[in-house]
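Residue numbers (the working numbering), protein chains in the order written: chain A, 49 to 164; chain B, -13 to 569; chain C, 44 to 623.
Simulated from the structure, these hints should not be mistaken for lab results.
Where is the CB? At the ideal position from N, CA and C, for every residue including glycine.
There's no promise every hint is true.
The calculated DSBU-like cross-link candidates involving lysine-lysine, where the alpha carbons are at most 30 Å apart (straight line), are [unchecked claim]:
(1) B/Lys329 - B/Lys453
(2) A/Lys151 - C/Lys128
(3) C/Lys368 - A/Lys62
(4) C/Lys186 - C/Lys140
(5) A/Lys134 - C/Lys163
(6) B/Lys40 - C/Lys342
(7) C/Lys186 - B/Lys441
(8) A/Lys65 - C/Lys205
(9) B/Lys40 - C/Lys136
(10) B/Lys279 - B/Lys297
(11) C/Lys187 - A/Lys151
(12) B/Lys(-11) - C/Lys342
(13) C/Lys415 - C/Lys187
(14) A/Lys65 - C/Lys171
(15) A/Lys134 - C/Lys415
Here are the in silico distance ranges between beta carbons for each label pair [stated by the list, open to error]:
(16) C/Asp294 - A/Arg99: 48 to 54 Å
(17) A/Lys142 - C/Gln81: 55 to 61 Å
(18) C/Val210 - B/Arg568: 32 to 38 Å
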Amino acid sequence: MEKLTPQKLEQLHKQKKQQQGNLIRVGMSSCGIAAGAQQVYSVLKEEVSKRGLPVSVEKCGCLGMCYAEPLVEVQVEGVPTVIYGKVNPEVALKILEKHVVSKMLVNDYIFTFQVE
Amino acid sequence: MAKVIKAKINGILLRVPEGTTILEAAKQVQIKIPTLCKHPDLEPSASCGICIVKVKGSNKMLRACCTPLEEAMEVITHDPEIVEIRRTVIELILSNHPNDCLKCARNNNCELQKLTADFGINAESFPQFLRDIPKDISTNAVDLEPQKCILCGRCVHVCQNLQDVWALSFLERGIHTRISPAGDIQLADSPCVKCGQCSAHCPTGAIVEQDHTARVWEALQDTEKYCVVQIAPAVRASIGEAFGYTGRNFTKKLYALLRRLGFKAVFDTNFAADVTIMEEASEFEERLLKAEKPLPLITTCCPSWVDFMEKFHTDMIEHFSSCKSPHEILGVLSKTYYAQKNKIDPAKIVMVSIMPCTSKKYEISRSEEMFASGYQDIDIVLCTRELARMIKQAGIDFENLPEEEADSILGEYSGAGVIFGATGGVMEAALRTAHYFICGKDLKNVEFNQVRGLKGIKEAEIEIGAKKIRVAVAHGLSNVEFVLNKVRQAKRDNLALPYHFIEVMACPGGCIGGGGQPYMVTDELRIKRAQALYEDDASKQIRFSHQNPYIKRLYEEFLEKPLSQKSHQLLHTRYKARPTYRK
Amino acid sequence: MYTKTVFLKDTGADTEERTRQVYSVFIDLIRNHNLQDQVQVVRVADIGIYNQGIVIEILPDNVLYANVKEEDFSRIIDTTIKESKVIEDLLYKKPSKQLRIVLRNCGRINPESIEDYIAKGGYLALKKVLLEMTPDAVIEEMKKSGLRGRGGAGYPTWLKWKFTRQVTAEQKYVICNADEGDPGAYMDRSVLEGDPHSVVEGLIIAAYTIGASRGYFYIRAEYPLAVERIRLAISQAYEYGLLGKSILGTDFDFDIEIRLGAGAFVCGEETALIASIEGKRGTPRPRPPYPSVKGLWDKPTAINNVETLANVPYIILEGADNFAKIGTATSKGTKVFALTGKVKNSGLVEVPMGITLREIVYDIGGGTISGKPIKAVQTGGPSGGVVPEEYLDTPVDYENLQKLGSIMGSGGMIVMDEDDCMVDIARFYLGFCVDESCGKCAPCRIGGFQMLKVLERIASGKGKSADISLLKRIAFAMQKASLCGLGQTAANPVLSTLRYFENEYKEHIDERYCRAAKCVELLNYTIIQEKCKRCTVCVNQCPVKAIAGSRETGFSINVDTCIKCGRCFEVCKFKAIARK
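If we strip away everything but chain A, and leave its shape as in the complex, we get (with noise of 0.2 Å):
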């Protein structure tokens, strides 16, 4: 990797804004973890790879609701986003199949849609 210049960091930082695509986030902070984020993480991670799904599963921080995790998140276009809560990996397995999927969000497990 090159060392960044002022102008690169600048142009860096334009086309990365740009990149969207299916996503689903999984919070692996010590929090999640704690509630069992990584299970939840392995499944999503194997599951997509196994089935090929057009979706990339990434980690991403605590978001301060706390009280829910494990919580995911799911971008997929067509569908609102939307972060589930008390995850494990049989609700892990249902957002996939009906969520990613199907495009349909899953009953009971939404805990926040309106992320900026």
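On the provided structure of chain A, position chains B and C as indicated by the hints.
This is chains B and C only, laid out in the frame that chain A set:
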């Protein structure tokens, strides 16, 4: 020139150089802010919290011992609130301290006791709780009683920063904090060199010299025993402090006192110092002229220094003078030369020495060479503080005693012998005689000011005949590394020797600053004590060890000549590498 | 493909049951209108709105209705769903109390990706500082922003940087204090784990401003994930030329190292932290001299908290004036609080200074778990105090909390209800300080210990009437004579609980009574004869055979034999054992 600032303490205006602490500044207007953990000889540790003062404009109270007085500061040192807090802190400390004053070695001589009395504390507001930590008497020189420790930190500071030995440290934390060697081992198994600087700075009875006065009383009362005694040079200049005198030389009253106590013969270590010079100057001459053994030559009168070298600087062993300390020399001579001359059975002789240090208590059984007479050459060592206690126990009006002389055969000394007690003294004495041995004539000017004084490392160049002899004098063990490293580097890079002759004393100031000396030492006091010795030297007719007629007699009648076989058998010793941590 | 999404929840109900019922009703109506293929209806778990009846949110219209009745459903479907029009009388403005500045990227980016951080504007503040601002200009900007140290002391950041900058020395240091030790506080941990680059960027800017060429992250070893993420962030920054020599092509060099703490709360105190980095025993040193003048290895050092540093890039990019618009006159910006205890939604909340405690606990936190009224809120960790219910409308800022006898601290906020005993709380916090005391100074080491003994006596029913003044006496000595903040503030929880809840102390001492039923030795167990079925289960379960009697005459507990283990209370199926 430091900037001068103006401020007020208790409403009194004063001017002090910038950087002066509130504690020091207050003294200038006759205000004594109480302290406990602060020792005038050491940097403040700021732990006890007794010296707190109020500063106008702030809610906080600051510690006077370490806070510099600032321009336009207005300090209040005493008001009902401040005093109440100080009382509370003292009572808290007392609640964690045994109520053992009557049985403690520091009774009537304890900083905590004095502070408590000054504050008129007469209640126990807090339940007492003691930490369950056993005593450590393993070194037989310095005893630790951690239950009495108030965690002022002085001993740790001294052992780590001033002496560079690192035998003591803080273990654990909070209410469980205690002083101990690292690894929670016994002091005897640690790098401790028994210099006793910790005990000399301790405010309470937590670290004290192991008291051997009872053994001395016992020996004195035993009609079967023939008790003899020797006094070290440094003792005469400091024993007076126990009676309110500073810098006064009590030599002749000490002789009288010791006879009154019951000693059959009173000797002076200074005599043996002269013997040491005869042997060591000869060693130096040999190494300089014959080069069979390497230079520099390093002095060995200080057993803490020897212990330190055997543990930390074993590569320097070959440079050590094989000569014993004057202390041990007098011991072995008393049980051989003296005993033979006076037809006394050496088995009955009890040799007691009064020394300024705790280290000598360890020295007397350091190795088999300390038994060269066929018996333990020295039986009991007392330090100055113990002697002071014995004088009071014996009910003798010490300061008004008539003056007496020592028992001459091992008691007469030259000026060179007495200055052993000050840092640089051994070097000066040795050079006076070395000059004679090497050039065949005496120096005109016998005082070497370049090696006197309290600078940690003193370097000088002296001309002996055609040669320029470079010497170094170090005191306080933290100054040793610099000097030795210079030597090591020269050896490595094949350069000219930085020094031919090195004197090391473990205690800052030399023996007069020893670990067994009276409490509350400061540099000012060290200078006064050393001054008394230098004045003794200046007043002497004979100022060269080799001119002492009793020394001449000793060699003629008994030892033959310096470094003779008999000398080697009785007056010389060996060294070996020792582990810093045992087991 | 759904054109509209409807989110639905009955926020007035405790269980999911009601929401399911309401959902069925709504779904049926949707089917009736034949909209099931265009409209997705979803039951949500929790959307931060409480006790507003049935709540409905419709996307993409972004319309939020609350206190909806089932009768309104048809109206909603007709108006908003079919015609995308708003029904004014059902509209609900969800108060958005939080303002995420420090936590701006947490949960929004992958903390292990520097490019994610750059995408969000990361390191653009550094670029601006290095290329367009002098150190004095940065200090001026920080001054305008009014940012105060978030570690608890609230010292103006610009002033600390200014003092450190002013001292001439060939070497200066900056340190990020990540030794967050307050029990229950984990704001710094989340920032380090969720947005490590923001702290790194803040530290680089600090270094440039004061003229430091070396910096340290002092992270407590109990945060291994934070250590790992910071380590990764630092190595990525080096890779991209944002650390090391000639940063961003300028002549500014800066290196960072990580040092780990080793389990000492006191090492969060700046001079003890410095001692720890120097390899010495972690004990404080007297100040003055302050670290800005003589710090790490006697060189000028600026030590800043994680949260403080995370604010810096934001202030530089968005402007100090915008930052200063948030908060109160003396306390600008936001504060992250770790809201825990008896609260429904425990977690991290970031709010503008000036918000009231009541808003935080009820509007964001959702009120108490038990539904019982709040007794008090504890702020500031072991250095802080309690704020009783009647002061919950106090706007939160440094000065107000101090006036109430507490402190802002690093951000711990613990909600307590009537089941929390104030004596027990004081004892817990003081016990923590006694455990963590370094032991160097007598007032804290022994004073804390003696105070704790008094509290333990009070809590076990052996309190004496003179104990309260004894506590105050030791507290005063500790406050004034301790060497560092740990000792100086260890007595705060005691003093604060005494100030507002002295009656509880008196109850413990005079009546041997703990109204919260927390202090075990004060509990009395008795049999409620009317409820007792004389089944003798408790008689058999009692480990000390303290229950005696017969099926004919009834049973009773011998108060002297009873060891108050609570076994009988647990096993009685008829709730016939009274405990108070």
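Structure-based check of each hint:
Restraint check: the Cα-Cα separation between B/Lys329 and B/Lys453 comes to about 47 Å, which exceeds 30 Å; the hinted pair is violated. Between A/Lys151 and C/Lys128, the direct Cα distance comes to roughly 26 Å. Compliance with the 30 Å bound is thereby established for this hinted pair. Simply put, C/Lys368 and A/Lys62 have alpha-carbon atoms about 28 Å apart, close enough for the 30 Å limit, and the pair holds. Restraint check: the Cα-Cα separation between C/Lys186 and C/Lys140 comes to about 26 Å, which is no more than 30 Å; the hinted pair holds.
Using a Cα cut-off of 30 Å, the hinted pair A/Lys134 and C/Lys163 holds, with the two alpha carbons roughly 28 Å apart. Simply put, B/Lys40 and C/Lys342 have alpha-carbon atoms about 29 Å apart, close enough for the 30 Å limit, and the pair holds. Pair hint C/Lys186 plus B/Lys441 does not hold up; C-alpha atoms about 49 Å apart against a cutoff of 30 Å. Straight-line distance between C-alpha atoms of A/Lys65 and C/Lys205 comes to about 35 Å, which puts the hinted pair past the 30 Å bound.
Distance hint between B/Lys40 and C/Lys136 is unfulfilled; the C-alpha atoms sit about 54 Å from each other, more than 30 Å. With a CA separation close to 22 Å, the supplied pair B/Lys279 and B/Lys297 stays within the 30 Å bound. Note on C/Lys187 and A/Lys151: the hinted pairing is violated, with a Cα-Cα distance of about 49 Å set against a maximum of 30 Å. Only pairs whose Cα atoms come within 30 Å are accepted, and B/Lys(-11) paired with C/Lys342 is accepted, the gap being roughly 22 Å.
Between C/Lys415 and C/Lys187 the alpha-carbon distance is near 43 Å, which puts this suggested pair outside the 30 Å criterion. A threshold of 30 Å between alpha carbons decides the hint, and for A/Lys65 with C/Lys171 the separation of about 19 Å falls inside it, so the pair holds. Taking the CA atoms of A/Lys134 and C/Lys415, the gap is about 25 Å. The hint holds against a cut of 30 Å. C/Asp294 and A/Arg99 have their C-beta atoms about 52 Å apart, which keeps the hinted 48 to 54 Å range intact.
Look at A/Lys142 against C/Gln81: about 23 Å separates their beta carbons, and that is not inside 55 to 61 Å. Separation of C/Val210 from B/Arg568 is about 47 Å and departs from the stated range, judged on CB atoms against 32 to 38 Å.
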